[in-house]
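Enquirer: If you read the sequences in order, they're chains A and B.
The opening position of the first sequence corresponds to residue 4 in the working numbering, with each subsequent residue numbered one higher.
The opening position of the second sequence corresponds to residue 13 in the working numbering, with each subsequent residue numbered one higher.
Warning: the hint list may mix true and false statements.
[As the list claims (entries may be wrong)] Computed footprint of chain B on chain A; a stretch qualifies when at least three of its residues, placed anywhere within it, have a C-beta under 8 Å from a C-beta of chain B:
| hint | segment |
| --- | --- |
| 1 | 14-27 |
| 2 | 201-210 |
[To be verified] Partial selection, computed: residues in chain A whose CB lies under 8 Å from chain B:
| hint | residue |
| --- | --- |
| 3 | 5 |
| 4 | 6 |
| 5 | 9 |
| 6 | 10 |
| 7 | 213 |
| 8 | 214 |
Rather than coming from a laboratory, the hints here were simulated on the basis of the structure.
In this text, a Cβ means the ideal position worked out from N, Cα and C, and glycines have one as well.
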Amino acid sequence: MNRILAMAGKEFLHILRDRRSLAVALLMPLTMVLLYGAVIDMELRDLRVGVLDLDGGDRSRELLRAMTSSGFIVEAERLDGREAIEAGFRQGRLQAALVVPRGYGEDLARGGARVQVLVDGADASTAATVANYLQAVVALVNRDLLREAGLAAPFDVRTRVWFNPELVSARFVVPGLVALVLMMICALLTSIAITREKEAGTLEQILTTPVTPAQVIVGKVLPYVALGALDCAMVLLAGKWVFGVPMAGSWWLLAAYCLLFIVIALSLGLLISARSPSLRVAMMAALMVTMLPTMILSGFVFPIASMPGPLQVVCRLLPATHFLVVLRGIMLKGQAWFPVQTAALVVMAAVLLTLAIRSFRLRLE
Amino acid sequence: MSGEAAVFARGLTRRFGDFTAVESLDLEVAGGEIFGFLGANGAGKTTAIRMLCGLLPPSGGEARVAGCRVGRDTGALKRRIGYMSQRFSLYEDLTVLENLEFFGGVYGLGRAELAARADELLPRLGLDAERGRLTGSLPLGYKQRLSLGCALAHRPRVLFLDEPTGGVDPVARRGFWDLIYEQAADGVTVFVTTHYMDEAEYCGRVSIMVQGRVVALDTPSGLKARTGGVDMQDVFLRLVDA
Numbered sequence: 004m005n006r007i008l009a010m011a012g013k014e015f016l017h018i019l020r021d022r023r024s025l026a027v028a029l030l031m032p033l034t035m036v037l038l039y040g041a042v043i044d045m046e047l048r049d050l051r052v053g054v055l056d057l058d059g060g061d062r063s064r065e066l067l068r069a070m071t072s073s074g075f076i077v078e079a080e081r082l083d084g085r086e087a088i089e090a091g092f093r094q095g096r097l098q099a100a101l102v103v104p105r106g107y108g109e110d111l112a113r114g115g116a117r118v119q120v121l122v123d124g125a126d127a128s129t130a131a132t133v134a135n136y137l138q139a140v141v142a143l144v145n146r147d148l149l150r151e152a153g154l155a156a157p158f159d160v161r162t163r164v165w166f167n168p169e170l171v172s173a174r175f176v177v178p179g180l181v182a183l184v185l186m187m188i189c190a191l192l193t194s195i196a197i198t199r200e201k202e203a204g205t206l207e208q209i210l211t212t213p214v215t216p217a218q219v220i221v222g223k224v225l226p227y228v229a230l231g232a233l234d235c236a237m238v239l240l241a242g243k244w245v246f247g248v249p250m251a252g253s254w255w256l257l258a259a260y261c262l263l264f265i266v267i268a269l270s271l272g273l274l275i276s277a278r279s280p281s282l283r284v285a286m287m288a289a290l291m292v293t294m295l296p297t298m299i300l301s302g303f304v305f306p307i308a309s310m311p312g313p314l315q316v317v318c319r320l321l322p323a324t325h326f327l328v329v330l331r332g333i334m335l336k337g338q339a340w341f342p343v344q345t346a347a348l349v350v351m352a353a354v355l356l357t358l359a360i361r362s363f364r365l366r367l368e
Numbered sequence: 013m014s015g016e017a018a019v020f021a022r023g024l025t026r027r028f029g030d031f032t033a034v035e036s037l038d039l040e041v042a043g044g045e046i047f048g049f050l051g052a053n054g055a056g057k058t059t060a061i062r063m064l065c066g067l068l069p070p071s072g073g074e075a076r077v078a079g080c081r082v083g084r085d086t087g088a089l090k091r092r093i094g095y096m097s098q099r100f101s102l103y104e105d106l107t108v109l110e111n112l113e114f115f116g117g118v119y120g121l122g123r124a125e126l127a128a129r130a131d132e133l134l135p136r137l138g139l140d141a142e143r144g145r146l147t148g149s150l151p152l153g154y155k156q157r158l159s160l161g162c163a164l165a166h167r168p169r170v171l172f173l174d175e176p177t178g179g180v181d182p183v184a185r186r187g188f189w190d191l192i193y194e195q196a197a198d199g200v201t202v203f204v205t206t207h208y209m210d211e212a213e214y215c216g217r218v219s220i221m222v223q224g225r226v227v228a229l230d231t232p233s234g235l236k237a238r239t240g241g242v243d244m245q246d247v248f249l250r251l252v253d254a
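Chain B extracted, bound-state conformation (with noise of 0.2 Å):
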């Protein structure tokens, strides 16, 4: 499986000074899946995220994204993922379509398969009616679906999500889970972090990270097998406790 892994790590590790933020991470994830990256604040996630994104050279190990090396082919790496960050990033000032179509744009595409591509994803986003808005005025959760919108403005096949779901309210992020599926459906690889035990049962597999360390890779009732966990809430403090 490794030749053909979408996300594959091994003994991937980032120092900063003395301090261990993530140590010797491996992974393996399959094309189309949605892997979950659980862990407490501060456990290395979004440093292990920010590695595999081509943002950050690690100080060991080796890992390779969408059959890109990281650390080493990352302009073709960064081609073939799509990242949206917990903060959703996007500019208030400018409408739907407006970020649409600059992260299109950064991503090389043209013009007419901009004009293409945010005609194919605004409906599937249900944001087809706020096209011409202002972002700054839109509620969170549109904020949030227009955010993952512009991350696959390219067809990427990898997409990292760090927190995604971050101070949505619960309809809201049901609807955004149902994206996640399409996407999956598609052939998307998803990486995703969360702080929702709930969402974490969404996922085909999940990881549990501590201090920089994977202590737990399996899928969510693999895991409360394992630990005797009634769910994923209740796997998650054992594991972190532990």
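Chain A extracted, bound-state conformation (with noise of 0.2 Å):
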């Protein structure tokens, strides 16, 4: 025990002593949640689309009347000429632009009207949700049409959001930061720090001491578990009291499951900083194996049901995935039976772990 405090208590101390390494630990969190929860949001505004009425008619001015109200577009910018879409494109001044044919208004009385969306496909996914929107908007027009000739629309979605009714993405985004901080703190930094003692020659100096290896590790391992647990509440907090994000479900099943991951998130650590053969490296596998899969195929942001099928194999072999489906469960809907991730998330603890000590003690041994 005094051992293992004592290779506790030295690690502290390094983290202490290394303020920059201490504020970007600590900070780095608190901008995450800040910068994502305000930055991706998912709902467009201020979109500026061009408007070419080709009729001109009553009935071309309700339609654009309609568009234009809802709020979401600035501006509507009345275009002179099908030169002037591609020109708005080219210049970055409009994303999209609507046209309405010559002989819309007759068209309309006869049944049949047509009318086009174009859209500026350079920044693809801008481009999925203008046109989603304004297909939205159009087919809105239409039931107000029916409605108006004394006909009821054949049937009618009425979309009701539960969980996140105002889809806010906060909610949405701060789950996924605790498992990104979490990767973050407990496997960067831990490969890190065990790497670095490796190259100053200061692990073999240990090694002759009578430490077991198993002491090594805890030991050096317990602070970065209660930074990565600070660090985890921060972002919570940060969420609930910024961003408003809800706590369904139990604090201490939240809690329960963080842990299993962290356990995760440091054998994953350990194998990498068992097999690197300098820091340089095990910071570069640190960041390929947790940050970067963590960010983009863990469904943090990208959503894996979009994803081609291969890729979402691998997105299945990621903790985070199944950390993510049981945080946002816990959060947002108060869950507590996640039968499928919880065997998923144990298992892939008890593999990793065996596999870290395992390689672990070869190196050491």
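Take the two lone chains, each set in its own frame, and fit them into one complex as the hints suggest.
Expert: This is the structure we're talking about:
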């Protein structure tokens, strides 16, 4: 016990002495919550849409009014020809354009009118949203027109969003940040801490003492568990206070899953440090293995369902993917039963921990 | 003598694949002796020391250090030895006292014991005034003495010093050897490697290793008589080139 405490105490001193890294470890998670919470907004506002009204009748004016009154479009620029659309796209003045063809009014009276929506596809995700949005507006106008004609629409879709009714992105993003922060602190920092000691020769010095490899690992890792837990709490509280991210389920359950995920992250960190010949390699490996997949493939920002099949399989193999399902379930829905995810996480933790300890021992003994 | 030898090796061998780094090493070092373990770079000194410290399992032969069988009683062995490497292996972002307390701590010393040991060691090492200084800001000679202190924190019976004076000025080297003599006078066995042949003269006995084998083992004066060398430098060159 003395030995583990000596290891842990020394590691705490390393963390405290390295002010800059400490500042990064504490401020980066907070900054990420504030940035991601505010920036990753799935909604589009301030759309700049061009309008080419070749009809110019009352009916077309109604359509345009319906479109601009929604509040999402700041600026509906009137265009005077098709060339203006392309010019607008090229100059980046417009993101989309609506073309009302000549004869729209008469076609509407007969039934079978058409309008054209043109979207600048250079920014694919914005383009998709804009197209969806404009189609929704057109559908709305359609419904009103039918009602006016005394006809009921054959069917009417009413969407209600549960658990996050306003689709606030922070509610979606904050659980993902918890995973990201735990990976960063527990995997990245531990692998750096161990590799640095290997490079400095101090690890070999420690090995000439009667400390066992298990004591080295536990003592070295404990301070990072504490730091990870602290960061985790900061992210959750910032999410709650600044963005009103709810906590529908049990804090204890959340803590338990966080701990499970910490074990996984630490094992990854150990594995990386055991396999890396140098600090530089360890850092790159940790970034590649932990941060990138967690950001891109875990469903943190990009939905897994829209990824190609083989990539989805990769996603399922990532601990963060399952951890995120659990976190969002607990926080947003108050869910308490995750058989598939729990099994996946427990198996991953067991496998990674075994591998990590084995390769670390091999390295040390 | 073999019963109470502080360091004893018989046929100790270490192979890495086809390469034999240490071939059938025979040694007996008495308690309180200062034993010089010389050899050119790559002669196998470090491999031999790593085996004797329990860091590397031998491929053959047997060895006992401080009464513990190498490769068997590794835990007890590690408690009874101190090891100081040529890299001084200290934590630069920790203070002098913190380094000493850490290494004492991993040897299992408690708080009170650590404090008492630090009060005793730091003045002896001439580091009492520096106890609160960050190790990274110390001159090399100070780091060297601190590194020795860390290896001594738990009062080892056998002290392994792997090129402990590399890069240090002659005055600091002389001071360091005074510390080594003090330890030997207290009954600590000192097993030291060095490239400085003037230092070899300070040892009770020296062995010279060439390509994994010990080619000579005697007192410095005995070796000079046998080879006809005028000093240890001369002896070393004659034996290594032979």
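Enquirer: If a hint holds in the structure, say so; if it doesn't, say that too.
Expert: Hint check results:
1. 14-27: holds (count 4)
2. 201-210: Coverage by chain B holds for the segment 201-210 of chain A (7 residues, Cβ < 8 Å).
3. 5: The hint holds - residue 5 of chain A has a Cβ within 8 Å of chain B, the shortest such distance being about 5 Å.
4. 6: Result: holds, 5 Å to nearest chain B Cβ.
5. 9: With a closest approach of 3 Å, the residue 9 of chain A hint holds.
6. 10: This interface hint holds because 7 Å falls under the 8 Å limit.
7. 213: Holds, about 4 Å.
8. 214: Holds, about 5 Å.
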